[in-house]
Amino acid sequence: GQNIDQPTEMTATEGAIVQINCTYQTSGFNGLFWYQQHAGEAPTFLSYNVLDGLEEKGRFSSFLSRSKGYSYLLLKELQMKDSASYLCAVRDRTGFQKLVFGTGTRLLVSP
Amino acid sequence: GAVVSQHPSWVICKSGTSVKIECRSLDFQATTMFWYRQFPKQSLMLMATSNEGSKATYEQGVEKDKFLINHASLTLSTLTVTSAHPEDSSFYICSARLLLAGRPNTDTQYFGPGTRLTVL
Chain C
915 GQNIDQPTEM TATEGAIVQI NCTYQTSGFN GLFWYQQHAG EAPTFLSYNV
965 LDGLEEKGRF SSFLSRSKGY SYLLLKELQM KDSASYLCAV RDRTGFQKLV
1015 FGTGTRLLVS P
Chain L
346 GAVVSQHPSW VICKSGTSVK IECRSLDFQA TTMFWYRQFP KQSLMLMATS
396 NEGSKATYEQ GVEKDKFLIN HASLTLSTLT VTSAHPEDSS FYICSARLLL
446 AGRPNTDTQY FGPGTRLTVL
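Those sequence lines, one after another, are chains C and L.
Residues in the first sequence are numbered consecutively from 915, following this note's numbering.
Residues in the second sequence are numbered consecutively from 346, following this note's numbering.
Each hint should be verified, as a subset may be incorrect.
[To be verified] In silico DSS-like cross-links for lysine-lysine, where the CA-CA straight-line distance does not exceed 30 Å:
#1 L/Lys365 <-> C/Lys995
#2 L/Lys400 <-> L/Lys359
#3 L/Lys411 <-> L/Lys400
#4 L/Lys365 <-> L/Lys386
#5 C/Lys971 <-> L/Lys365
#6 L/Lys386 <-> C/Lys990
#7 L/Lys359 <-> L/Lys411
#8 L/Lys365 <-> L/Lys409
#9 C/Lys971 <-> C/Lys990
#10 L/Lys400 <-> L/Lys365
#11 C/Lys982 <-> L/Lys386
#12 C/Lys982 <-> C/Lys971
[What the hints assert, rightly or not] Here are some of the chain L residues that sit facing chain C, going by a computed Cβ distance under 10 Å:
#13 Leu389
#14 Glu404
#15 Val407
#16 Cys439
#17 Arg442
#18 Asp452
#19 Thr453
#20 Gly457
#21 Gly459
#22 Arg461
#23 Thr463
[As the list claims (entries may be wrong)] Far from chain L, some chain C residues (derived; all Cβ distances over 10 Å):
#24 Glu928
#25 Gln939
#26 Phe977
#27 Tyr984
#28 Ser997
#29 Lys1012
Keep in mind the hints are simulated off the structure, nothing from the lab.
As the structure is a prediction and not an experimental result, all values here were calculated from the model.
Every residue, glycine too, gets a C-beta built ideally from N, C-alpha and C.
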């Protein structure tokens, strides 16, 4: 089975940097995804890591360490619109490559 | 690209009725689509995997006779909630798997906008 852990809530200030951590245990790891979800809306894709290291995409970066079962999402130059839930999801190598989601981290950005 | 639509975006129905939700991949073909349910302030819970031309694969604890899934074409999957009850009220989200031939790094799920179901 899979077990994915994220902090429940985080707060940060506009313009700052925030790191959201995700730890996982899975029997058939085949990639880790980060999604952003605003309240009442569907998740939108942010990043994907399958190899160790850092993937950078504008203000967002994601890091993966497969040996440690650990990932983080780094958000720079925070904006108010970044207030949302951030979902870490692990793809299962078996079973049609399904995604298993963590509980999500609610990020509140204040002025 | 990679747009997924859902219809309807919200629905209110009486207890005991059935509701059909459509999920379409608009600009790509998806042999695999997924159906999720999300309760308030909780994460997405996978209900079932829908494969074009074959029976859906349901997650443990999900009643296949209550949540009927049909994936009749490479761009359409439907979820029918049969004999809906108030406890079925939730946010239902579908996703479609995009995988370009020879490019494994493109293997990503794209989500529809969701359908909010309220059963009275």
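Worksheet item: Which of the stated hints cannot be reconciled with the structure, identified by number in ascending sequence?
Response: 1, 5, 15, 23, 29
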